[in-house]
Amino acid sequence: MSAALVECLLRLGDDGLVLGHRLSEWIGFAPVLEEELALGNIALDNLDLAQAALGLAAELEARGRDADALAYFRDEAQFRNALLVEQPNVDFAWTIARQALFDAFALPNYRALEASAEPRLAAIAAKAAKETEYHARHARTWVLRLGDGTDQSRARMQAAFDELFPYLGELLEADATSRELAAAGLAPDPSALADEALATIAALMREATLVQPAPGAFRPRGGRSGRHSEHLGRMLAEMQVLARAHPGARW
Amino acid sequence: MAEPSPSDDDRERRFLERIDAGEKIEPGDWMPDAYRRQLVRMISQHAHSEVVGMLPEGNWITRAPSLKRKIGMLTKVQDEGGHGLYLYAAAETLGVSREELVAALLSGEAKYSSIFNYPTLTWADAGTIGWLVDQAAIVNQTLLARASYGPYARAMQRICAEERFHERQGYEIVSALAEGTPAQKQMAQDSLERWWWPTLMMFGPPDTESRHSEQLLRWKVKQLSNDAQRNWFVNLLVPQADAIGLRIPDPALRYDGEAKQWRHGPIDWQEFRTVLAGGGPCARDRVRVRREVQQRGAWVREAAEAHAAKHRTAELQP
Amino acid sequence: MSAPTEFTLWEVFVQEKSGAPHTHVGSIHAADAELALQNARDTFARRDKLVSIWVVEAERIVASRPEDAAGLFEPGPAKVYRHPRFYRPANPKQKR
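Chains as they are written, first to last, in this note's numbering: chain Z, 1 to 251; chain V, 1 to 318; chain L, 1 to 96.
In case anyone wonders, no lab produced these hints; they're calculated from the structure.
Below 27 Å or equal to it, Euclidean Cα-Cα: the simulated DSS-like pairs (lysine-lysine) are:
| no. | chain 1 | residue 1 | chain 2 | residue 2 |
| --- | --- | --- | --- | --- |
| 1 | V | LYS68 | Z | LYS130 |
| 2 | L | LYS17 | Z | LYS130 |
| 3 | V | LYS68 | V | LYS185 |
| 4 | Z | LYS127 | L | LYS49 |
| 5 | V | LYS68 | L | LYS49 |
| 6 | L | LYS17 | Z | LYS127 |
| 7 | V | LYS68 | Z | LYS127 |
| 8 | L | LYS49 | L | LYS17 |
| 9 | Z | LYS130 | L | LYS49 |
Modelling step: build the complete structure from the supplied sequences, incorporating the hints.
In structure tokens form, the structure reads like this:
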């Protein structure tokens, strides 16, 4: 049981770490000074979650690692984040679409995790749920303004959703691990979150005068079992380079 | 019987009386044009420095070597963005728009602290900026928090409260390196050697050469001279460097037993003049980056305005 | 190069705890009310615990002018009868 719980925490923590890192890439480059603070806050909330979840995962696996060892000394194949969060910041609309899609899953996920049989996981989730309400509100605000703004902004917002919507599927699918966790009352079955998540996105896109992409042949999967896109390797190369140059050092 | 309207001389005399009495000048109050212009220059320069200053440290967020450091560096740089916001808002009370101020920065016309035209080549530099540069800024800013212009003084109080954590974090980062592996210790020492003199130059030219100081001191916008501040800073830093076993790169640094003060050696003012004239290693990069960011973000800002125009109402519309 | 856009200026007032007055903390730029509220929260609520934020478009604020201060505002303690200490209750120990 502990192994499945560790997997659960790695998924949670890696989602937070990769998403937090991607958001932090905007610092110094945001389209408005006010958005430096907004994106920074969302990045920090996700990194806090990562630190807590990975810390607990390290403790439970009892292999002498800590959160930093997991963050900086695992290779891509050992990361358990969903493919959605490693997608790059092609432009601000991509970042907003990625956030809206992720939060559509994450908010009901964290809320369900508050009832986890593992109290420390429940506590992490409770904090994340509160913070994610705000992230979702922020993303929604910008989807509306970009979707129903200028012709150019609508085109970019639509393009971002067209490209990223297929990545939502992976977040809302059950697998052997998630079935085991659900059976033990540790975490919700992701497919049980699908209706709410899809309804949220559908309503949001409609209100933003955007067209929801029709499902096609492209159904990206694999992040939850360590098969990532080309993006993660390059991202980790930058993220981990300094720590790996001084193995064993304290900072 | 109506009073004769005051002459500009009367107004200026009354203005100086208020300054001398320690009163705060607020946005609607009468002020000499020169005071207004000086304040816009000072406040906007400070605001630009905060925003440009996000780049050298922001350079190390994505490579920060631990989660604690990643979170800490991101928090700090985000704070700097916030400081820029407070200061642009303070400058706007003087009748200038943020748009105009940013345009002046991007055209190269407006200045910002030239310390940020130096590159952050190692992780140690990210720490050293907090330890040295922010501490130098605190020396400067604690005094500005008592400035005579209300909105600026209030912005500075907020900023000072937040700056404390930046300096402590910077010193902690460098201390950890100084107490770490030989490679880490070398990283810290090398960083101090590259940032020490540029930081001393942050306090501006020597008193004998400072153009604006006299007027700013008279108006109680500035409280201590450049040299006095620089000296205060050196005396803070010497024991701090000593405590972590790092060597200040000043062979002429000596202790004046009589005045009980450390005295620094001669400064290479030619480097200062070169950097001030735009010759700093990153000078062109910093402004180019800010210009690109401004351009790349235009469509986002236009969308927000277009949406607001379509939905003009005072109700909250998330 | 696109035309410059001017976001509206908003003044921000925050309340630190229930029952306390809202205090002016500064200003932010935003194109609309929702963005203004979020920007205010992101700028001013990062360290302080707050229970409420007000944002007001700066141009909607009506302010007294500094030159009218003398006529509008009397020096504080001048009208003694407005202050509680002027009033002394009858000696409560007196009994009929």
